[in-house]
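Residue numbers (the working numbering), protein chains in the order written: chain A, 6 to 459; chain B, 10 to 491; chain C, 22 to 270.
Don't read these hints as lab results, they were simulated from the structure.
Possibly wrong hints are sitting among the right ones.
Said to hold, decoys possible - Lysine-lysine pairs mimicking DSBU-like chemistry, simulated, CA-CA at most 30 Å apart:
hint : chain 1 : residue 1 : chain 2 : residue 2
1    : A       : K383      : B       : K480
2    : C       : K84       : A       : K409
3    : A       : K426      : A       : K357
4    : B       : K362      : A       : K409
5    : A       : K63       : B       : K356
6    : A       : K357      : B       : K356
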Amino acid sequence: MDSESHTYELKNEFIKLYQQNADFLNSNSGPLMNEFRPKAFDDFVKLGIPTTKNEAYKYTHIEEYLKGNYEVEFSVDPFRINLKEIFKCDIPDLDTYVVLMLNGSYYYDNQMPSLPDGIIVCGLNEASVRYPEIFRMHYGKYADTATDGLIALNTLFAYDGVFIYIPDKMTIEKPLQIINISYSFRNLRITRRNLIVAGSGSSCNIVFCDHTLCAHNYTTNSLTEIFAAQDANIEVTRIQNENSLSSHISHTFFHQEERSSVTSNTISLHGGLIRNNFFARLNGTGCESNHYGLFMGDDNQHIANFTYINHAMPNCTSNQLFKGILDENATGAFNGKIYVSKDAQKTLAYQKNSNLLLSPAARMNSKPHLEIYADDVKCSHGATIGSIDAEAMFYLRSRGITEKEARQLLMYAFAYEIINKINIEVLRDRIIDLVDRRLRGELSRCNNCHIHCQ
Amino acid sequence: MENSQEQILSEVTGSEYKYGFTTDIETELIPAGLNEDIIRMISARKNEPEFMLEFRLKAYRHWKTMEMPRWAHLNIPPIDFQQIIYYAAPKSRPNPKSLDEVDPELLRTFEKLGIPLEEQKQLAGVAVDVVMDSVSVKTTFKETLAELGVIFCSMSEAIREHPDLVKKYLGSVVPYTDNFFASLNSAVFSDGSFCYIPKGVRCPMELSTYFRINAANTGQFERTLIVAEDDSYVSYLEGCTAPMRDEHQLHAAVVEIVALDNAEVKYSTVQNWYPGDKHGQGGIYNFVTKRGICKGDNSKISWTQVETGSAITWKYPSCILKGDNSVGEFYSVAVTNNFQQADTGTKMIHIGKNTRSTIISKGISAGYGQNSYRGLVKVTKNAAGVRNFTQCDSLLLGDKCGAHTFPYLEVENDTAIIEHEATTSKISEDQIFYCNQRGLDNETAVGLIVNGYAREVLNKLPMEFAVEAQKLLQISLEGSVG
Amino acid sequence: MLVIKDLHIAIDGKEIIKGINLEVNAGEIHAIMGPNGSGKSTLASALAGREIFEITKGTVTFKGENLLEMSPEDRARKGLFLGFQYPVEIPGVSMVNFMKTAINEQRKFKGLEPLSASDFLKLMREKQELVGLHAKLTNRSVNEGFSGGEKKRNEIFQMAMLSPDLAILDETDSGLDIDALKVVANGVNKLRTKNNATIVITHYQRLLDYIVPDYVHVLYKGKIVKSSGKELALVLEEKGYDWIKDETE
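Put together the whole structure using the sequences plus the hints.
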C-alpha cells in the first residue's frame, strides 16, 4: 500500500475517533473550546494528515509516526497519580515556579503559593470557564485550522493544557517551568493545547521541559498560542528529551504587537520524531523576534524544524539560527521561511541553518526560503551542511589534543552558539552539561527514565 | 513636476522593446489545436523517419495524462492548448543551398535584429543557426565546421542526416515523460539546433542559435541537443526575440547536453522574448526545460543566462554530475520589470565522486515584477567529496515588486561541503547620490549599479554577448526609477 | 633532535619536496629560506603531520623516534610545535578552554596530574606578558576576529604555553609590522634554552635580524640548494634569490 492510502486510512481513523468521542469531549470541556471543534472538523476532513507532497512536510513522513495502536484520553488526569513522587526536576538550584503537566493535562496538585498577584497559571480547560474574556480574545485566534491538518487535529481533540496570563506591566522574576510528562501503562496519543497571554509592558521567562517516563510509544500533538501585547517581553526555552519511541509534533504561534520582543530557544536532545513548527506574526512596528534551535540526532531519529516568520509591519527585526548535529542513521530537516509583506519596510531579517553530519548514513535537508515584497529591507539567509572542518581538527591536534577530544571540542563549540543564548544561568549550565554528555554519547537516552529502553 | 516625470517615464518604457516589429512574410500554418493528426502532420511536413513520429506520439499520449505544474511562485493564467498553432513556417525553400534562395524579406528581418545571415558580415568566430517560428532558416559556417567533424545544423536536418546520433541521445537527458512542458515539446517540437563535437576537437568558433517568433497565435517549441565527445570543447550561445503582440504566446523549449570524459560545454543564453507592455498586456510565456549531464569523468557543463524578456519565465537549467570529478556551473541574471514574473534557478545533482558545483544567481525586480530563485543541490549517498557553493542575491527597485528565494539542500553524504548564501537589498540612496554628484542621472546610475551587481555573471558570457547583455539590462530597467 | 634523511613529499601525486637532508640539534636555531613556492610550508606542515601531504620516500626521526609514524597530536605531545602561517579561526572554542585542554593532554601524556585551575590561570598570565598578548584576546574564541598580527602573537603565546623541544615557525613574520615583529622575535628569544631548538621559515631576511640563526638553508624547487652560517641570509637580502637560481640551473 502506498503512503497516500496510508494517510487516507489514518485520516479516517481520526475522523471516526472524533465522531465516537465528540459527546464525551464536549461534555468535559468548556463551551469556548468546543466552539472551535466544528470548523476544525471540517478543516481536518478537507486537509487530512500532511503528506510529503505538502511543501511544509516535504522531508518529514508524518504518517509513519502517527499510525499504530494507541490509547487516547479525553479527560483530565483520570488516575490522580502522585507525580511528585515519581518525578523531580534534576536541575539543582533552578529556582522556578514548577507547573507539572501529565499526558497533556494540567496536574491537579500544582501549587505555586508565592506567585505574584494578578498572574494566572492554571489548566486551559479551567481557564476557558473561569476567565472567558481573556480566553475568548485569544484562543484559536492565531492557530488557523485551515492551514494545516495537524493544527485542525489539535483543535479538534484539545481538552487541556496550560494557561498563563501576565497582566500589563507585570514582571515575573522567576521563570515559569512547565514540565510535560508522558506517563502511562500503554501507548498513548496526547493532545496538548496551551495559551499564554502577556499583557503590555509585561515580562516573563517560560521554560518547557518534555519528558517521557515510560518506555511506551507516545505521539504528542502540542500547540501553544502566545500573545505578546505592546512592549511585552517573552522568552521561551524548550528542552526536548523524550524516548526513542516517542513522536512529538509541536506548533508554537507567536503573535506580536508593537515593540514586543520574543525569543524562543529550543534544544532537542532526544526523541524518536521531533517536529517543531514555529510561526511568528510581527503585527506591530518595532518588534523583535528571535528563534534559535539546536538539535542532536543519532540512531534512527528524525528532527525537523519549520519556521514561518511573517513580517507584516515595518521596522521589525527577526533572527533565526538553527543548528543540527546528526550521527548514525539520523535525519534532519530545516524548513524556514521569512515572509516580508509589501508594507513591511525597514525590515531586518536573518536566517541561518548550519549542520554537521557525523556518519555516512546521516542525512540533512535544508530549505531556507525568503519571500519578500518590500524593497527597503535587509534580509539574508544561509545554510551549510558538512562534516567537521578538517583544518580546525588539524590545528587542535597539532597542539596535542586527541582526535576524539578535538571532535568533541569542535562539536561543542558548534552547539555553544545556541546554548549561549539562553539567559537563565543555571539552566544554561545544565544544558551545557547535558549537551556535552549527549555529544560524548554518555547521556542515557531517556534522562529521567529508569527503564532504559533502547 | 509630477507630469513631466510621468511623461519621461512613459516615453522610456514605451520605447524599450526594440525588437517588437513583425515581418510581413507569407507563412505556412497548420490548423490550431493539438491531436494525433496534428502531430502526424508536423512529422510528415518535416519528412521525419518513423522513429521520430513514434517518439512524438508516445510523448503526446503521456502529456495527455499530465497536469500543468502549479508549484512555481507564478501566477499563470489558464492556457488553452487547443487554441495554439503548433507549426508555422515562412514560405520559402527549406534548406537553402545559398543565400540567394532565402526570401529577401527574411534577410532584412534578421539584419534588423542584428543577425546578418551573410557569413562575411558576421562577427568572426560565431556560427549561427537561425530559427523563425517552427523552422530553421539558415545555418552559417556549416562547411567550415564540417572539416573538423563538427556537426552544426538544424534539428530537422539532424533527424534526417544523422538519425543514429539523434536516436541515441534525444530524450536521454530530458525524457519525454519528464514534465508537462517537456512532454508537450517532445510531441510537437518543430526545429532547433543540433551540435556534435567529435572526440578531441576544440570547436574553434562559438556556435549560436537565434530564435525568432514571428507568426501570431503560434507557439514555439524548439529542441536543442548538444553532444560533446571525449576531450572536446564547445561554447554555445542562444538568443531570442519576438514581436509585440497583445496576446500571450507560448514558448516551450527543451535543451539537452551530453558531456563525455573530459568534455566541456559552455551554454550561454540571452533571453529577450517580448515581455509584454507596461500594463502586463501580451508577452511570451516561457516554459523551458534545460538539462545537461556530465556523463564522463572530469567533464564540465556551465550554464550562463541573462533573462530579461518574457511575461512569465519558468526555467531551471540543471546539471546531473554523474562522472567523477565533473563540474557544474550556473550563472544567472534575471530581471523582472513591469508585470513580468520569473521563477528560475537550477538543479545540481551530485552523483559522481568529488563533483563540484557553483551557483551564482542575481535577481533584479522592478515595477510589479516578481522574481524567484528556485534551486536544488542534491548530494546522493555515494557521492563522496562533493563541494557546492551557492550565492543568490536579490535586488529590489521599487516597493511594489517582490524577490523570493527557494533553495533546497538535500545531503545524504557526510563528506560533502555545501554552502548557501543569499541576500536581499535595494540600491542605497547614498550610491545614487554619489553618482548624481558625479553628473549621472538616476537611470544611468541605476544602470551602472545594476551592471556592477550583475558583473560576476556577465563576465561569464562570451565577449560579444556580454556587451549586448549589458545594454539589454539597462534597457529592461528603464523607467523603473523615478 | 631532528634528523631528516632524503625526504620526499607529494600532494595529489605531485612531488613538492624532492629529497631533503637536515639535522637539527638541541640549542640550535635553523633558518629555512627560499622563494615562494619552493616548498617551505609543505615541509613544515608535513613535519607536523598534515595528512594531505604524502611522504613518498625518506625518514624523519625526532628525539630518536620515527616521527612519520606518529599522529599529529603525538608529535605535539612529544614536543614538536608548528607555528602556522595562516592560523585557522575556530568560532565557539574559547582560547582558555583550548589551551587548558592542550596543556592537560600533554601532561597526561607525560604522566602528570592535570593543572589546577589557579595554576593554569597563573601560567596563562605569565606567558601572556611574555609575548605581550592582550588578556582580552584569550577570552575570545581561537583566532576568531584576531588581526594578522594578533594571530601570529597568539601562535607564539601557545608556543610559550606548551614549551616545545622543537618549534617550527612557518612565516611567522609575514603580515607583521616592525613592532609586532620585535615582540614576536623577543618572545622566541626568551623561550630559547640550550635544550630546545627552533626552525624559522621565512621569505625575508628581516626576521633574522631579531632571531639570529646558527644555520641558514636555502630551499629551492624542493631541495636544499645551499646551507651556510647566518651570513648567508645577508647575501640573500642583498642579491635576492636569483643568483641561487642561476647557480643551480
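Hint check:
no.: 1; hint: A:K383 <-> B:K480; in the structure: holds, 28 Å
no.: 2; hint: C:K84 <-> A:K409; in the structure: holds, 26 Å
no.: 3; hint: A:K426 <-> A:K357; in the structure: holds, 15 Å
no.: 4; hint: B:K362 <-> A:K409; in the structure: holds, 27 Å
no.: 5; hint: A:K63 <-> B:K356; in the structure: holds, 17 Å
no.: 6; hint: A:K357 <-> B:K356; in the structure: holds, 21 Å
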